[in-house]
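Chemist: Position one of the sequence shown corresponds to residue 1102 (our numbering), numbered consecutively onward.
Below, computed lysine-lysine pairings styled on DSS-like, alpha-carbon distance capped at 30 Å:
#1 LYS1214 x LYS1180
#2 LYS1115 x LYS1214
#3 LYS1180 x LYS1136
#4 LYS1131 x LYS1194
#5 LYS1123 x LYS1174
#6 LYS1188 x LYS1108
#7 LYS1214 x LYS1123
#8 LYS1108 x LYS1214
#9 LYS1136 x LYS1194
Quick caveat, the hints were computed from the structure, so don't treat them as lab data. Remember, it's a predicted structure, so these values are computed and weren't measured experimentally.
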Amino acid sequence: MFSLTQKIGFNAEKTACRYLQKQGLSFITKNFRYKQGEIDLIMSDQSMLVFIEVRYRRFSDFIHPVATVTPLKQRRLIKTALHYLQKHRPLDKISCRFDIVGITADRQITWIKNAIEVEY
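Produce the complete structure using the sequences and hints provided.
Modeler: In structure tokens form, the structure reads like this:
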């Protein structure tokens, strides 16, 4: 049995996935987990691999969903993405980026490409 919070999260991820597919991205997988991290959606944008964090806020008057991705969350996303790349793709043959999709209760969607910068 899923909690209400989990159901809301699943619905937000489904909404984000459909939106991104309409924008031309192709679905690869969802909810990829590694240790303390999870990547909500992994998609491709032509030859680019895209790791996507989906954020939903019922009340966005004070803070937009996108602004809730903390530096700690960013580090966890990066570590999880590196694990995905080691497991599924050679590191030197693919470009990737980190996007954030924010969804509000009234279904407004904000998509930020390259939202997280990774330094090597």
